[in-house]
Amino acid sequence: NAGVTQTPKFQVLKTGQSMTLQCAQDMNHNSMYWYRQDPGMGLRLIYYSASEGTTDKGEVPNGYNVSRLNKREFSLRLESAAPSQTSVYFCASSKTSGRVSYEQYFGPGTRLTVT
Amino acid sequence: AQSVTQLGSHVSVSEGALVLLRCNYSSSVPPYLFWYVQYPNQGLQLLLKYTSAATLVKGINGFEAEFKKSETSFHLTKPSAHMSDAAEYFCAVADFGNEKLTFGTGTRLTIIP
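So the sequence lines, in the order shown, correspond to chains A and B.
84 is the number that my numbering gives to position 95 of the first sequence; each next residue is one higher, with no gaps.
Heads up, my numbering is the position in the second sequence plus 254, with the first residue counted as 1.
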């Protein structure tokens, strides 16, 4: 099992460029998440998907879009990158069962710099 | 709304000393609570979780945490620190029935040889 994989590991963009961060999980989880991590701010939820075909905004969705391509894959798109989006991005997944909150499994992260 | 407060953004302890990382939560319903560890340039790894069973939870690498409802706390401890424990630690909370986690701002643990 690879768990949660993310590509790319590093990326440098110029302001205004677009890119898509890819995430895939092989644990048959229903729920998937995108977070950003900034110094002193912990992890903040950008978007999540409770199941294939559904997505919902998290705490900091502005400037981002997501696609739940299938059960395995959940991508994050920056349409017009801004320096404020310089961050480390983590994808995570978890199983869901009724009203139980299960632990989330994290990918290794993508370090994005916008100049 | 649920929230998590981690007291102390940086904690230093000597090798062999007790590790105590503090986490207080606010939640309107009985919560699920988690501790994660992040080593440099890596993703987060689950250390332990509380899901309303035993109040004292044992995790990996010798860590444990105690759920205290009266204090709304879920502090992380380890009796004897090792150099390999140097990392950043995050506390997280989820309300019952809510699959989204709310994370604290993290505590960076430094081990002094």
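By construction, these hints were calculated from the structure, which means they are not laboratory data.
Some clues are possibly wrong.
DSS-like, lysine-lysine: derived pairs with alpha carbons at most 30 Å apart [as the list claims (entries may be wrong)]:
1) Lys303/B / Lys354/B
2) Lys84/A / Lys303/B
3) Lys(-2)/A / Lys303/B
4) Lys84/A / Lys46/A
5) Lys60/A / Lys303/B
6) Lys312/B / Lys322/B
7) Lys(-2)/A / Lys60/A
8) Lys312/B / Lys46/A
9) Lys60/A / Lys322/B
10) Lys323/B / Lys354/B
Hint-by-hint comparison with the structure:
Restraint check for Lys303/B and Lys354/B: satisfied, since their Cα atoms lie roughly 15 Å apart, inside the 30 Å limit. The hinted pair formed by Lys84/A and Lys303/B meets the criterion: a straight-line CA distance of about 15 Å does not exceed 30 Å. For the suggested pair Lys(-2)/A and Lys303/B, the alpha carbons sit about 28 Å apart, so the restraint of at most 30 Å is met. A threshold of 30 Å between alpha carbons decides the hint, and for Lys84/A with Lys46/A the separation of about 19 Å falls inside it, so the pair holds.
Straight-line distance between C-alpha atoms of Lys60/A and Lys303/B comes to about 25 Å, which keeps the hinted pair within the 30 Å bound. Under the criterion of a C-alpha separation no larger than 30 Å, the hint pairing Lys312/B with Lys322/B is consistent with the structure, at around 15 Å. For the given pair, Lys(-2)/A sits about 22 Å from Lys60/A by alpha-carbon distance, which is consistent with the 30 Å threshold. A distance of roughly 34 Å separates the Cα atoms of Lys312/B and Lys46/A; the hinted pair therefore is violated under the 30 Å criterion.
Restraint check: the Cα-Cα separation between Lys60/A and Lys322/B comes to about 37 Å, which exceeds 30 Å; the hinted pair is violated. This hinted pair checks out: Lys323/B and Lys354/B have alpha carbons roughly 21 Å apart, not beyond 30 Å.
Consistency note: the structure conflicts with the earlier hints numbered 8 and 9.
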